[in-house]
Structure formats: structure tokens, C-alpha cells
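Put chain B on the given structure of chain A with help from the hints.
Here the protein sequences come in this chain order: A and B.
In case it helps, this note's numbering puts the first sequence at residues 1 to 308.
In case it helps, this note's numbering puts the second sequence at residues 1001 to 1378.
Some hints could be false.
Sample of chain A residues lacking proximity to chain B, with all beta carbon distances greater than 12 Å (derived) [stated by the list, open to error]:
no.	residue
1	M3
2	L36
3	L72
4	L105
5	V123
6	E130
7	L131
8	L158
9	E172
10	D217
11	G221
12	F232
13	L245
14	Q256
15	A259
Derived, one-sided and incomplete: chain B residues facing chain A with beta-carbon distance under 7 Å [to be verified]:
no.	residue
16	L1167
17	N1184
18	H1188
19	L1350
20	V1356
Hints are computed from structural coordinates only; laboratory data are not their basis.
Glycine residues also receive a C-beta, built at the ideal position from the N, C-alpha and C atoms.
If you want the building blocks of each chain, they are given just below.
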Amino acid sequence: MDMIANWLGNTPDFAVPFALAALGLILTERAGVLALGAEGLMLVGALAGIGAQLAYGMHGISLLLAMGAAALVSLLFALMVLVLRINQVIAGLALVFFCQGLTGLLGTLLDWTNKPVKGLGAVELWPLSELPLLGKVFVQNPLVFLTPLIFLAVVWLLTRSSTGLRLRAVGENPQAADAAGISVLGYRLAAILAGSALIGLAGGYISLLSTKLWIADMTGGRGWIAVALVIFARWSPWKALAGALLFGCIEALIPQLAAAGVRLPQYFVLMTPYAVTLAVMIWVASGRNITGNQPGALGVPFIREERR
Amino acid sequence: MNEQVRPLIVEQARPPARPPRSPLLARRYTLEIRQQLAWHWQALIIAAALVLGLGISAAILMAAGVPAGELLNEFVILTVFDAQSLKAVLFQAAPMILVGLAGCMAFRAKFWNLGLEGQMIWGAIGATAISLFDIGPQALRLPLMLAAAVLCGLAWALAPVLLKLRLKVNEIISTLMLNYLAINFLLHLLYGSWKDPKSSFPYSPQFQPFERLPELFDGISAAVPLALVVALLALWFLGISRAGLYLRFVDANPRVAGAVGVPVQKMIVGTVLISGAMAGIAGFLVTAGQEGRLTQSFYQGYGFSGILIAFLARNNPVAALVVALLMATLFVAGRSLQVFYQIPFSMVQLIQAILVICVASSDFFIRHRIRRVQGGES
Chain A
1 MDMIANWLGN TPDFAVPFAL AALGLILTER AGVLALGAEG LMLVGALAGI
51 GAQLAYGMHG ISLLLAMGAA ALVSLLFALM VLVLRINQVI AGLALVFFCQ
101 GLTGLLGTLL DWTNKPVKGL GAVELWPLSE LPLLGKVFVQ NPLVFLTPLI
151 FLAVVWLLTR SSTGLRLRAV GENPQAADAA GISVLGYRLA AILAGSALIG
201 LAGGYISLLS TKLWIADMTG GRGWIAVALV IFARWSPWKA LAGALLFGCI
251 EALIPQLAAA GVRLPQYFVL MTPYAVTLAV MIWVASGRNI TGNQPGALGV
301 PFIREERR
Chain B
1001 MNEQVRPLIV EQARPPARPP RSPLLARRYT LEIRQQLAWH WQALIIAAAL
1051 VLGLGISAAI LMAAGVPAGE LLNEFVILTV FDAQSLKAVL FQAAPMILVG
1101 LAGCMAFRAK FWNLGLEGQM IWGAIGATAI SLFDIGPQAL RLPLMLAAAV
1151 LCGLAWALAP VLLKLRLKVN EIISTLMLNY LAINFLLHLL YGSWKDPKSS
1201 FPYSPQFQPF ERLPELFDGI SAAVPLALVV ALLALWFLGI SRAGLYLRFV
1251 DANPRVAGAV GVPVQKMIVG TVLISGAMAG IAGFLVTAGQ EGRLTQSFYQ
1301 GYGFSGILIA FLARNNPVAA LVVALLMATL FVAGRSLQVF YQIPFSMVQL
1351 IQAILVICVA SSDFFIRHRI RRVQGGES
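Isolated chain A (complex conformation) (with noise of 0.2 Å):
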């Protein structure tokens, strides 16, 4: 009883990076540019916010600059994809092993690997903090608390404001979007530099608040999943959400079962989310619903003079 109580109370803080990255794929995919570089803006995210919070101390702060950083280095991604006009699959691997050898590099040159910073404290909602069972998933520190409001303005943004009607005309046919007068370029860098702060931000999360510590390539594959999770959940944020959530609920029982004695082969036990991820992957696929919701123009480069 006990251990479920702990595994359910941990799973939000396991969930909120996948669902943040997914949440910024899924607004940088809406305007039609495939995002492939989670992987690397999240290691971004993840050395900024740790290299911000041992020299600031604040985690506000260091969250912020995490976001930015992440949101620095996409500028070269969009550099790549919407003026230069690179294979997108291409630009986005190169942002990924960029991005590893660049935060590898730095986090070694700077010092900043293995220097444990301090988490962020908890906070109770109370009355529901009191319920048998549930009680511990509603004892969270903030940025938990805040993501289902960063979710809402962002369905609302997409869902409901003439500008995410835009950004997604942009995703769907930039043709159409730019003979009405759309800037197709202007939204998808937009997109680009938003989506990419969240994935960074996810990042951050996971250094400053998870392992509250810097290593090489830490995020683990992470931001894969992440692009698994948005296609299984057909670009759709709220299915996103729940999808992170069930990977928080699998990454949160790899230490509940090793706390509570169950003997499992430790690197079969670790293997889980990958073999998750795959296994939703095929079952998704085998479904009859294969493309729907997937936007139209998703990694077709915009260029306003060539034939079609």
C-alpha cells in the first residue's frame, strides 16, 4: 500500500518533462517543421539551468535561462531548416549531435558535471494532499503544479486565438497560409523558438528539479520518446499529456520496485521505457487510424517560388 502510495506520488515529477517536451514538439510540429532535436535541446535545457543555478542560486532564474539557452540554440536549427532549407530529418540529427558534443564539451571545460545544487521545495494542495492513497500526488514542487496551466494556455493558444489558427494554416498548407498574407517563415520561427524554450525547460526540469545534478548525455533518450510519445499521440496535446503521464508512472516504478526487494535484473528493469516506447509505437501502428491529425506540410520546406 505504502509503495503504491510513493510510486503514484512519484510519478508526476517523472512525468512533467516528457509532457513539457512533448507539449513543444507538438507546437513547433503544428506549424509544420519536424522537430527531431528534443534529444539535444533538453541536454541544452538540462546544462544551462544547472550552469545558472550554481552561479545564481535561483530557480526561477536558472529555469528561465534554461528556456533560453534551449530556445539560443534552436535559432541554428531554424538557420537550418527554414532559411537554408535542409532536409529536416538531416537538421535535426545534426542538432542532436550537436548538442551532445557541445554540453559534453562545456560541462566538462566549465566544471559543471556531478556539483549537486539544491531541489526546489515542495508544495502541498492542501486539501487534497490529505487523501488516503492520491495524497502524495498532490505534494509537488511548483513547476508540477504549473504544467497543466502551461498545457491550457497552450491548447488555448493553439485551440483558440486567431494566432495558433495561423500557426496551424502555416503546418497544414503554407501555400494557402501565405496567400493570405501569413508569414509562413515568421510563424514557424516563432513555433521553432517556443516549442524549443519548453523543450528546454524540460530539460531543466530534469537537472535542477529530478537528479538536481549534471552528466553527459543525462537525459537518456528522453527527448525520443518524446517524439515517439507525439506521434502516437497524433499531435494532440492533451493525449501527449496522458502518454507522459504513463511514462512517468513506468520510470516511477524503477525505483519503487528496487526499494521494496522485488529482484528483477537491474538492466532489463532499466530497459522498460525504451521497450515501452516501442511497443506503443506498433500498437498504435497496427490501429487503423495510422495519419490522421499528422499536419500537412510536417517537414516540407517552405519556399514561395517553387512549382508544385
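Using the frame of chain A, we list chain B on its own:
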């Protein structure tokens, strides 16, 4: 549709009047798509991109604390003109060539094989299993290990390609996820039943002398000719064999290829399996050639290198040989920078990424032309 686009084209056919001089900031430019560019211009643009990438890398190295005068010394003179390190480069090039060719193979079939590292790990595990369980007579041991590496690498590539063809599962994600599975399985073996009881490190027991790739002559390991033989086979496969011709059909247009009777699915599956097998051989070369045992991080850096080599070589196996040699030089130089200047090995990955970005960007100037818009309104 065509009627609406036409005026743009007609625009260019206007008699070329001398452009009126306009102030620099008031000039407007437009992008045009180029149909063709002479090969020497293409080569020049790519070379300029490489030089730019190397320049940026050199600046980063200097910022990281390598004295400017030492750069040339470290990267060119010490690695190419020193017999000892030239051997090291060749030795390093052998697995590099194989992962590069593996990348070329998969990309020819339009399959993003990011699972090179996982396939390498399985190749190495297969080869090590033959050694650990003493399978086969001594004389046949190395060929058996090679065969096991081929089979294991191939098997690890089978699932993603079938999933892609049958269920349209994105192969980028599936191959990456399989990498993580392979890495964790490797650690499971090395921290568990395969751990060398005589060592406190997570290594497998040392291979017997007859299980290691011999030195042929003058300190050149057998890994080098083996890689060259595989490269020749790849060249034959892609350039001369009927399969290579089919593959070009498939690459150009899978639906037309299918309509004229090319077995498209079989071609894709076969080519990706060969790619996996080559990555498996690369794993065998690293374990049986360089390390002499299974270690926990032997595969690191090869996955990206393979993709990078294939990309820079434009999936051409001959060019892949050259690029692989350059990447091997970069790896060897990176290791010596690590030793002498305490620069982490991530620097190598950063330089690789910068080179890819620069060369990929150069494509823009090959495929597009920037032209001044004549007159005010166009």
C-alpha cells in the same frame, strides 16, 4: 495550376535591361531553384563548406585551450607523417569504413538506420559468445566469430525494417530505442555472467591469442584488409550487381520500380539487413581487433560517425572510404587531445556535427540561386 505559376517564369524571359543602380539597402533579392550546376562549382562549394567547418572547429579548439600553433602539428603532422600514428589511423579506419558503408547501404534503401550502434553491440556480443563458450576448433575460431557477428548484427536490424514496411513504424525512433535495449543488455552481460572474474572492471575475459585479429605485416592489423574486402563487396553490390541497379530504381521512385517488376520490399529488407551485418562486423573488428575483449563503451561515437560518413560521401562507397579515413584521423587526434590537453572526447562529436551542418548548408547554394529582383515591383 500551371497557368498561375507561369508568370514567374515569363518574368525571367524579359530582355535583360541593365539593372538600375539602387542603394544597397533598397535592393531586393529572390530565391530561385537551380536545375543544374557544373560539377566543379559543386565541388568548390562543398570544399568551401568543409574549410568553413574546419575553421569554426579550429576556433573552438583554440577557445578550449589548444595553442594555435599546435593545431596543425596535432592534427596533420603527428597523425599523417608519423608512422606509429598512421598505423593507429588505419587501425581506427577499419571499423569506421564498415559503419560508414553500413550507413550508405541503409540510406540507399531510404532507411534511416540510426541503430548502427545497437547492431555493432550485437555483433560484438555474438563474436564474444563464440569465444566465451569455446565453440569450434582453434583454426576456425575467427571465421566463426565473424559469422556470429554478421548474424547478430543482421538480426538486430530485422525488426525495424519489417516494422517499417508492414506497419509504417518510424524507423528513426525504433532503431534508436533498440540501441538503448542493446546497450542495457550489454551492461547486463558485463556486470553479470560475462564479467571477467580476474578484473574489477566490467569487462569480459580477455580473448585467447588465436581469437584476436593477427597483425599481418609491419604492424598492420588484419582488420584493415578485411574492411577493404567488405568495401569492395559493397562497391560490387551497389555499383555492378543487378541488386544495385534495382536499388537505384527503388531510390528514384519506389512505386514505378514496383510497377516495372522490381521486388521493392525484398530489396529494402535485404539492403537494410546487409547494413546491419556490416555494423555487426564493425563490432567484431573493435572487440577482436582493438580491445581484445568486450567492454562497456567500445561502440561510442561509431553510430553518428557511420551516418556522418554516409552523408558526407553522398552514399557513395568509394567516397565513404576516404571520409572514413578522415574520421579515423579525427578520432585518433581527438584521443591525443584528450591525453595532452584534457579536452573531453565530446569535442570530436562537436566537430563532426559542425562539419555535417556546414556541408548540409552548402547544399543550399548548390540547389538555389540568389538573384536580384529587377525594378521595383516584380
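**Prompt:** Can you list which hints this structure breaks, lowest number first?
**Reply:** Failing hints, ascending: 2, 4, 10, 11, 12.
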